[in-house]
Each structure stands twice: as C-alpha cells, then as structure tokens.
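There are 2 protein chains.
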Amino acid sequence: MKKIINAVDQVENQMIEGMVKAFPQYVKKLDCGNVVVRAQKKTGKVALISGGGSGHEPAHGGFVGKGMLDAAVAGAVFTSPTPDQIYEGIKAVDDGKGVLMVVKNYTGDVLNFEMAAEMAADMDGIDVKEVVVNDDVAVQDSLYTTGRRGVAGTVFVHKIAGALAERGASLDEVQAVAQKVIDNVRTMGMAIKPCTVPAAGEPGFELADNEMEIGIGIHGEPGVEKKPLETADEIVDTLLEKILADIDYAGSEVAVMINGCGSTPLMELFIVNNHVADVLAEKGIKVYKTMVGEYMTSLEMEGFSITLLRLDDQMKELLDDEADTPALTVTK
Amino acid sequence: MKKIINAVDQVENQMIEGMVKAFPQYVKKLDCGNVVVRAQKKTGKVALISGGGSGHEPAHGGFVGKGMLDAAVAGAVFTSPTPDQIYEGIKAVDDGKGVLMVVKNYTGDVLNFEMAAEMAADMDGIDVKEVVVNDDVAVQDSLYTTGRRGVAGTVFVHKIAGALAERGASLDEVQAVAQKVIDNVRTMGMAIKPCTVPAAGEPGFELADNEMEIGIGIHGEPGVEKKPLETADEIVDTLLEKILADIDYAGSEVAVMINGCGSTPLMELFIVNNHVADVLAEKGIKVYKTMVGEYMTSLEMEGFSITLLRLDDQMKELLDDEADTPALTVTK
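Chains A and B are the protein sequences, given in the same order.
Heads up, the final residue of the first sequence is numbered 332 in UniProt numbering, and it's a clean run with no missing numbers.
Heads up, the final residue of the second sequence is numbered 332 in UniProt numbering, and it's a clean run with no missing numbers.
Chain A on its own, in the form it takes in the complex (with noise of 0.2 Å):
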C-alpha cells in the first residue's frame, strides 16, 4: 500500500483537521468527532445534514457551505458514521426550523442516520425528516444495500435541496425538492483501477491489466460485469445506455455530471464528457449544465461516473442558485 499518509488509524481525523484548517472560513468541527458544520451557523432556516464513510472527498465535507449542507458527517473510511455523530450534527444545526439528512441508500447509514433522527426527536424535540438517494442504475440491490445505491446523484440533492433551503422554504418544501431530484437522477460509473481501503491494506477488488468493472460502486463492490477494457466512447455508450433505458430523457433538459472516482485525470473525463455531450445531442437531450470533475470520489479508484438529472423550471434555478462552499461554488 502506497499512501501518502501518517498512520493508519489517524487518515479520517487528521483529513478533517487539514480540511477545516483549509477552509476556516467554510467550516469548523464540533467536538464530538468528526462532524463538520458551518463555520458560521446560518440561523433561520431548514438545515440539512449528510454524511457517510469517509474516501469519499470532497463529499459531503467539501460541500458545507452557504446555498449547499450545514453539516456533513464522517464515519471511517467506507464505513457509516456512528448514530450518535449524527446526533450532535443534528442538534448543532438545528434553528427550530427543522432538519432535513440526505442519506445515501446503504444500509448501515439508513440505519444510523434513522436511528439519530429518533433520538434528536425523542430527546430534543427536533423535526428531523430523510430523504435517501439511490441514483446507481447498475444493479438492483448489492453487497451493502436493498435497492439502488447511492452516489454522486447526492450532489445535486445537495445542491438543489440546499439552495431551497436557503432561500427560506419549509422542511417539507425542501424534502419535498430533494425527493424530486431523486425521481429524477440517475448514474452509473465504472473502474480500471481499484482502491486500497487504508485499515485493509490490499486493493478492494482486483482487475487485470486490460480490464475494466462497469457498473462499479462507489466502495469497490461489483458491478455488472469485469471485461477488456474499451475506448472511451465505447463505455459512455454502455453507461448511457443503461441510465437512459431508466428514465425517459427525450426531450428533456439535463443537468450532467462526470464524475471521477479519485485518480481519473482531468483529461479523460473531458475526453468522456466529448462522446456523452454528442450522444445526448443526437439523442435531442438537451444539456442545461455539466459538471466535470471529482465529487463522489472512492480514494484512489481510477474511473469515472456518468450522472444525468432531468430538470424543471424549479430544478434548473435552485441549480443557478449562489453557492460557496470549499467544493464548489456557483456565482449568479
């Protein structure tokens, strides 16, 4: 294992000390562990938290910030956060408002942020709503979860929910726009390179010098099959396919994100994003926006995503809405 790192059980806490030492102005930590909120508390409106195993940088840490969360929550690596983490995140961004988690659909997080929710209802009497994200069109149901993963669809929840939450909408408005999104996302990735799992040591998964996962998920869990490797016209035909045999996108006007897994150059996501601009072309898709870049990333895998989000009217302005946050960042 070859990682630029101190120790092994030290990459989750000194990751989120080099991140808020980074970005003061972004964010801070509680003291409870590693949640990051808000460096200042936005106060009179709906907050949203989300969170998950770290590796998966900049999510969701990175995308704390105003018009996006109010607070991410990050377990060990791949792993849930506990429910108590989850907890003080909630109480901390709470403004009587209400909170809303975008979980991502695997069971052990479902489960935590669940059970955290019961407790800050329970305890504090905090209004806590869910929505849980499961974008990943390559298999129905996986290793770590019943049904559909969740992946980098979660960003434009984050976003758009975020943004709705900004302007002041209730917590049902913003569940609300967060279920549209859902409805509405769909993703799929692959991989030509696996990743090592610090506390494991050895790569996740193994694939030959000519070969390729499709259908990959974001903690290395099989996808729909290892193959020889193609051009990179001929996986985006393979991805696309099976997203755009999931929703009917024609007609419709997309938000596109190609996302790479940690160690995908810039170059190739561009060169992806070339054949997936045409494909949607020819298909009369019509591409609102594209984000090229790493925002669901899975440490060191080298390959890349493809998400397609079919818009409203509502959609594409929260989409437009400012945000700043150490991730992104979006001026009006």
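Hints may contain errors.
No copy is singled out in the list; a pair is fine if it fits within one copy or between any two copies.
Stated by the list, open to error - Here are the simulated DSBU-like cross-link-like pairs (lysine-lysine), alpha carbons at most 35 Å apart as the crow flies:
1) 29 <-> 286
2) 29 <-> 193
3) 2 <-> 316
4) 66 <-> 42
5) 2 <-> 28
6) 42 <-> 332
7) 129 <-> 283
8) 286 <-> 91
Hint data in this document are derived by calculation from the structure and do not stem from the laboratory.
The structure displayed is predicted, hence computed values, not measured ones.
Position chain B relative to chain A; hints supplied.
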C-alpha cells in the same frame, strides 16, 4: 498503458472539445487549433494568455474566464504549443490594450511564446509583454530549463494578474503585479507514482514499491532524490524546509496551495495540509488563504506540491476579487 481514451493521437483534441462542450458559458475554441478563449470576449482591458503542453489540466484552459485568463493555448501532451497557435490566441484576445503572456519556464515554451509575440508585434502592431514563472525550488536547472521550472505557482499569477487586468489596469501594471507574484511564490513537489504520456505508452520514470521522488517536475523530470517513502508529515517537512530556505516568509502572510498531481486522493491532500498549517503556525507565518485540490497536474501522476505565496495588501485584495472560470470560482 491503461487509460480511458479513444486514440493516442486524439487525446488533446477530444479533451479540448469535451471541455468546450462542458463549459460553453465560459469558453470556446478557435478554429485554428487547440486554443480556447472566453466565450464572450471581454473588451476594454489588457488580455492575459497562457498555455503550455497538455496533460496539466485544469491548467490552463480551466482558468479561462472572468478575473483570470482570456486565452489558453494547448500543445500536445507535455509539449509546447507552436508559435502559430499562440499567435492566433494573441490576435483573438487583444483589444488594443495589449496582451500579457504568462509562460512557465521551459525552454520550448519560452521560445515559442516569444516568437509568437514578435509575430503579433511585427504583423499586427500588438503590444505583447511577458512574464516567466519559475517557482519550483527543487532544482536550479533541469532537463528542459535553464533556471528554475515553472509549476503550480503559475495559477496564483493567473488569479492575481487576471484580477488586476479585469479592473482595467494598464499592461505595465498587470505585468508588474504578475512579476511581483513570481518574485514571491515558491513551490516544491514529490511523487509516489509516475504518469504515462499516451504517445509514449510507458511511464516516464520508475519508482520501486516503497520509493518516492522528492522535487519531481510536472513532466516527471527528476528531482532532488529518490528515497524510501516516508510519512506525510516527514515529506511536508522536507518540502517546506526547501521552500522556506529560499524566501524569508517569517512574519508574512501567505497564500498556500496544496496541489494534487493528478491521482492523489483529496483525503491525502488534506492530511498534507494538516501538517503544513501546523508548521507555518509554529513558524509565525500567517495563512491568509488556502487552496487544496488539483490545479497543475501531470496526467495520472500521484503526488503533490506545496506552494507558498508571500502576500502584500495589493495581492490579498486581488486574490479575493471575483473570478468565474471552469476550475476556479471566487465570490465576494
């Protein structure tokens, strides 16, 4: 060679096309070759142009937009753009106020940019000036340079000189502030894994399983030494020692950039920043702003560089000015 591409001889073209299709609100491509300019030409100001070999994305095309560059010229991977390309870029962005070229110090780049400037002056009467960035303290001369190499510190030149140009300053003033950044910025990097130029098909250098290269260049040029991999904190100490020996930062305010080389997980960059911040605090060097991410990469090389820019009030203000580009957005 395992890459997500279509054809070795198409990587630069398809990368640029994919970038322009992703960000039509920011950039468009000239018909003459791989030159990107702002989607809407900004008139009445000094124009900034930069460029170099491809493979350093998001540099430089990702920094074309409000408050930074007006044009970026992309050569083949790790190869200087031609004088003709650069000349077309200069002509496209000049608006009678003159053009500043921001050139990284590599012999080929400097030669070709200067030849293009002569063409623009002789044939079109355009006032072109130049700054040469040489922030890499690792080695005095290198495979491709006389004098120090230009690396990630270049992005601070784009940001600060770009902001002054956007404010309407004269060519002399913009050149002067760009030179002030260069005089005050120092960088040093390291790598734990090499990268492969597509047309070469083999890694540019070799590192054993537990070996790292200290002082690596952004094209994989040799640095100071190969040695066994150390902890993140030990590596940071080594790089900072060399940077801090070159300029007296004591008592100063600095901007910090922790730059990933292309396939370094953000988690590791934050772990690096955790110690950088601690060391600077101990030494009484005040951090004004920190950037952590990928700004000047080397394809899929794994490693990082640390850049320190010693700031004065003018540079602080310009660093904070609004910018809106594909790879860097700053809000007020």
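Hints broken by the structure, by number, lowest first? Hints 3, 7 contradicted; others consistent.
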